[in-house]
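J.: What follows is the residue order along each chain.
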Amino acid sequence: MSDLAKARVSSAYIWRSKQFSVRLDPRTIWASLALLVAVLIVAIWSISAGDFPMSIADIFASLVGEGQKPHDFIIFKLRLPRLLTGLAVGAAFGMAGAIFQSLARNPLASPDIIGFNSGAALGAVIMIISFGATGFLVAVGAVAGGLLTAVLVFTLSWKGGLNPYRLVLVGIGIGFTVYAGVSFLMTRTDIFFAAAAQHWLTGTLNARIWRDVYVTWLGFGLLAPLALGLQMSLNRLEMGDDMALALGIRINIVRSLMALIGVLMVSIAVAGAGPIGFVSLVAGPIARRLTLSSGACLGGAALVGALVLISADLMGRVGFAAQLPAGVFTAVIGAPFLLWLLATQIRKGAM
Amino acid sequence: MTLTTSNSANSDLRGDVAAIRLAERNRLMSPVGHRRMLRVVGFFGLLGLLCVTIIASLSIGARTIAFGVVMEALWQFDGDLVEHLVVQDLRLPRTIIGIVVGASLAVSGVLMQAITRNPLADPGLLGVNAGASFAVILAIWLLGISSIVDLVWFSFFGAGSVSILVYMLGSMGRGAATPVRLALAGAALSALLYALINSILLTNQKVLDVFRFWNVGSLLGGDYNILLQLSPFIIIGMLVSLIAASSLNAMALGDDAAKALGTKLMLTRILTLLGVTLLCGASVAIAGPIGFIGLVIPHAARFWCGPDQRWLIFYALLLGPIVLIISDIVGRVILPPGEVQVGIMTALIGGPLFVWIVRKMRMAQL
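The listed protein sequences correspond, in order, to chains A and B.
Positions 13 to 363 (this note's numbering) are the ones given, in order, by the first sequence.
Positions 273 to 638 (this note's numbering) are the ones given, in order, by the second sequence.
No wet-lab data here; the hints were simulated from the structure.
Since we're looking at a predicted model, the values are computed, not measured.
One or more of the hints may lead you astray.
What the hints assert, rightly or not - Distance ranges between label pairs, derived from CB positions:
1) B:L500 with A:P348: 37 to 47 angstroms
2) A:W42 with B:L414: 38 to 48 angstroms
3) B:S518 with A:M251: 47 to 57 angstroms
Using N, Cα and C, we set each Cβ at its ideal position, and we do this for glycine too.
With these hints in hand, go ahead and build the complete structure from the sequences.
T.: Below, the structure written as structure tokens:
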């Protein structure tokens, strides 16, 4: 174990300047490259597959502007917006999950723990059931509900500082209370609205348009660099409050900032595709096992999240006679992978 | 103390030091004794509260029945009186079911958090709820069963088989079933099953229509027969939990320390998980998936009695039924003429209460 650690330290690539240094582990690089290639393969596959299959040559012809009309229509109006939204949403879910798992120092934590998803569900279900809303209004209701719940949880768990354990427990309490509202509404409405709500709660990438692409990518593009910039501080926090303080980390500021970034990321993802489950739970542990990193691996988690989500969407589109929403298959794709990693985990105690 | 009086102060100082030492010793000694007494007092206080709750549950409802009449209905039952019938046939069964289900869920929650060393673990993490739900869905979908009572055995069977599967998945490959692997395996398998459940629900509205009512959990509609048939499992589950409790105390220190203290890790894990499966499986079978109790009651209990697993189990044994029955009572009267299901009320009442407790906690204690 100690031999392994030594060998890994010596083989890392380190760049230093006067104020700044970057340290990259070869394992992290290889794992990230492999994930990137996998994302690309699935992305091309999901553009070519569907009710109207297209060859790779056709796709490239369309992308450089020399394709046939029907191909252009299907690629630019239907499949590309869907794919790009899926990539941003998956990456945002994955990174947010890894952030919360690291903040709470708990592999079971996810954005759910601060009650965001329950709040989003309540907002959306109220919009669907009480106002008969569809589409954009439902997303607005969801994000409003989620943000309100998150603010409530933060306020209630702040007591001279942000203790992660208290945050998690308060989040559970509020989350359960809010979700009880969802269950209540589901039993008090007729089956038509209940089915519509159930469909939205599962989450889907169906019928995305370019506006979804812009919104999700703008949000993710602004938040991801911030999160990656704070990653070192986040990893120091995992060593415990005292150690982090001694290393010069401003605990409350880093924690609040990271939690805020995580919440905003989830709200963008939920607005883009609904509260798709499991991506945020599974991305962090998978990324950690693939890169063998000692701390949170935010970039890897984003890649894993994107990969899981677009694969799930592909499976929902072409795997069955009836089109099923992506939210159904994230677990079908992610769970076996996580179980396999658990079984073949290389380092004992690697988490 | 100033420098000019240092000589005369010296003897005072010696006296002070002795006094401080004594005070220090008292301070160190007393909380332990104090705490032990508080635990016992708290236990009997909760026992009294449970009795009050039971009586309230028998007398409060669509028709309020006086305390005296309730007592008469229990000890001198007269089949001709409507009020006696209400108490004996309607309120007594659901109160007893509330006690059994609340206690089982709370105790299995304590066990699950101890075995995974994870405060976020709930009995559902072992896949019990997902397994039960999946079996119930299959029964509704493939066999066309729509009566909640007929779903009991399907849900018990589903709960049991999936929790065995989770344990096997958590312990395959290298090394034993460490807490983290167990928790992740349970979460992954549960998610997989819920995905299958969702795909069935989305394509089949008839199934959703039955399932959405089973899914919220209810103490109503259970009868003595189901309780009687499942009671052996619950009794065995409780006994197994009590046997495992002291070993779980050692395991809280970590696997290595527990081994050094002579704990049989494998045996304790298997016993604990057996207890969780029996208790939680039986209560899901009786009342549907009531999520809140198993996760939250252990924390509430820990707030009063500290981390000793043996005390925790006894506290959970009382706190679970109290919270569940109070929620049931409120659910009966809050929206007349209808009722709000107990699974919803537990979270609506218990959630804010839990947040209040969490804010009172000193985090260093945990």
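J.: Next, verify each hint and record whether it holds.
T.: Structure-based check of all given hints:
1. Look at L500 of chain B against P348 of chain A: about 40 angstroms separates their beta carbons, and that is inside 37 to 47 angstroms.
2. Taking the beta carbon of each, W42 of chain A and L414 of chain B are about 46 angstroms apart, inside 38 to 48 angstroms as hinted.
3. The hinted window of 47 to 57 angstroms between S518 of chain B and M251 of chain A is violated, with their beta carbons roughly 33 angstroms apart.
Hint compliance for this structure: hint 3 alone is broken.
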